[in-house]
Amino acid sequence: MDFRIFFSPVPTGETTYLGWLLTGLRTTVALSLASWVLALPLGTVLGILRTVPNRGLRAFAGAYVELFRNVPLLVQLFIWYFVVPEIVPGGQRFKQIDPFTGLFLTSFACLGLFTAARVCEIVRTGIESLPPGQENAGLALGFTLPQTYRHVLLPMAARLVVPPLTSEMLNIVKNSAVCSTLGLFELTAQGRQLVDYTAHAYESFTAVTVLYLLVNPAIQLVMRAVESRARVPGYLGSRN
Amino acid sequence: MYEFDWSSIPGALPFLWQGMKISLGITGVAVAAGIAWGTVLAVMRLSPARPVSLFATLYVSLFRSVPLVMVLLWFFLIVPSLLRDVLGLSHATDLRLASAMVAFALFEAAYYSEIMRAGIQSVSKGQRSAALALGMTPLQAMWHVVLPQAFRNMVPLLLTQAIILFQDTSLVYVSALADFFGAAYKVGDRDGRLVEMLLFAGAVYFVLCSAASWGVRVLRRRALA
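Here the protein sequences come in this chain order: A and B. Just so it is clear: in the first sequence, position 191 is 191 by my numbering, and no numbers are missing. Just so it is clear: in the second sequence, position 188 is 188 by my numbering, and no numbers are missing.
Since the hints were made in silico from the structure, they are not lab data. A hint or two may mislead.
One-sided excerpt, in silico: chain B residues whose CB lies under 10 Å from chain A [stated by the list, open to error]:
#1 Tyr-2
#2 Leu-62
#3 Arg-64
#4 Leu-77
#5 Gln-167
#6 Thr-169
#7 Tyr-173
#8 Phe-181
#9 Tyr-185
#10 Leu-194
#11 Val-195
#12 Leu-198
#13 Tyr-205
#14 Ser-210
Note that beta-carbon positions come from the ideal geometry of N, C-alpha and C, so glycine has one too.
Using the sequences plus the hints, can you model the full thing?
So, in structure tokens, the structure goes:
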């Protein structure tokens with residue numbers, strides 16, 4: 001093991017090998033955050049739709065989840081990249097944009113829509129775990145159904161789903177590594193590139209693994225703060 | 001408008017089936033070995049001996065923190081040279097399939113151990129106490145009384161994890177091993193019919209995994225009834 005390799009300059013000279021890894025980490029973080037910003041609202045809406053009385057809306061959200069959960073992420077990614085631009089009108093123009101942007105947008109759409117299906121199931125479980133009396137009470141008080149969701153069910157459910165959403169945030173970072181297969185230079189791909197250039201496989205894989213290991217506690221720290229502020233008074237684990 | 005041409009699929013079916021056998025083979029080995037090793041890890045994690053439970057905790061959180069792609073790259077790097085040294089194989093032997101099986105088994109064991117841990121904790125304490133009162137050692141109580149019930153309670157979750165694992169086997173793409181997805185990609189690339197082959201592969205995964213998930217749901221409903 002010779003970790004000094006990270007401080008030697010890359011062939012083009014503008015940075016060190018460590019610089020490559022950090023650029024990769026930046027792409028991983030940017031991609032994960034962007035996808036999360038798409039997945040959270042979309043998944044929340046879908047999760048709500050899965051619990052409403054309207055059969056059609058429920059079936060639509062259910063079909064979305066079925067579709068995105070039963071096809072491997074890698075296959076979805078390849079379909080977004082190789083198939084969608086061919087069969088969607090105007091998709092040809094997408095191929096002309098700069099490769100990094102194209103790859104990033106593809107990965108973003110794929111990861112975001114994939115994770116939305118998982119967020120949907122978390123939100124649905126959160127709403128369904130509330131006692132049915134809460135919804136009935138809201139309706140009995142004269143709230144309309146949307147009002148009951150807005151003022152009774154969602155404020156409670158939102159607090160219950162924080163822990164599973166935290167692990168989903170960790171998942172999105174891990175899942176973003178799949179995008180290295182298309183040639184998006186996130187952390188894993190930079191690690192592989194380092195192996196190609198330096199032949200120091202053990203060192204570069206160790207560095208990449210350590211960087212992934214560091215991302216997790218960072219997210220957990222932030223989410224623990226959210227969690228303790230969001231705890232429902234009187235529930236297990238609450239301080240009040 | 002894109003003109004679909006599905007004609008390269010029928011001729012490619014035998015090759016795709018070879019790939020599917022690799023996907024299913026990896027899944028089968030990883031499910032069996034993963035559940036076995038995962039159960040051992042779960043028991044270790046609940047053990048009163050600190051070093052034992054610490055090892056299991058570290059193992060599980062390490063594998064759960066690192067992307068599967070990265071784990072696979074590690075194993076494709078380490079396992080071949082290790083196996084060649086131990087078994088004295090020549091460099092020409094293709095060890096990618098063996099590496100993939102080892103990687104998936106060890107990786108999935110971390111996830112299976114979390115399921116089994118929940119399963120063990122779902123068995124009421126009285127069961128263990130009764131077994132101990134009958135004169136069983138703690139390990140006997142675990143093996144003869146707690147684990148059979150834990151396993152039965154967790155069958156739906158273990159199967160759901162197996163479906164996820166089957167989907168994840170497509171990631172052996174990083175080693176260019178021709179599993180079902182790899183085979184479909186190769187054929188599509190060769191014939192210039194990537195669009196059709198990728199859609200076909202997606203449809204096959206979708207049908208298999210939806211059918212399997214539906215089966216798990218039926219099983220769960222029957223278990224509750």
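Going down the list of hints, with the structure as the test:
| no. | hint | result |
| --- | --- | --- |
| 1 | Tyr-2 | holds, 5 Å |
| 2 | Leu-62 | holds, 8 Å |
| 3 | Arg-64 | holds, 8 Å |
| 4 | Leu-77 | holds, 5 Å |
| 5 | Gln-167 | holds, 4 Å |
| 6 | Thr-169 | holds, 8 Å |
| 7 | Tyr-173 | holds, 6 Å |
| 8 | Phe-181 | holds, 6 Å |
| 9 | Tyr-185 | holds, 7 Å |
| 10 | Leu-194 | holds, 5 Å |
| 11 | Val-195 | holds, 5 Å |
| 12 | Leu-198 | holds, 5 Å |
| 13 | Tyr-205 | holds, 5 Å |
| 14 | Ser-210 | holds, 5 Å |
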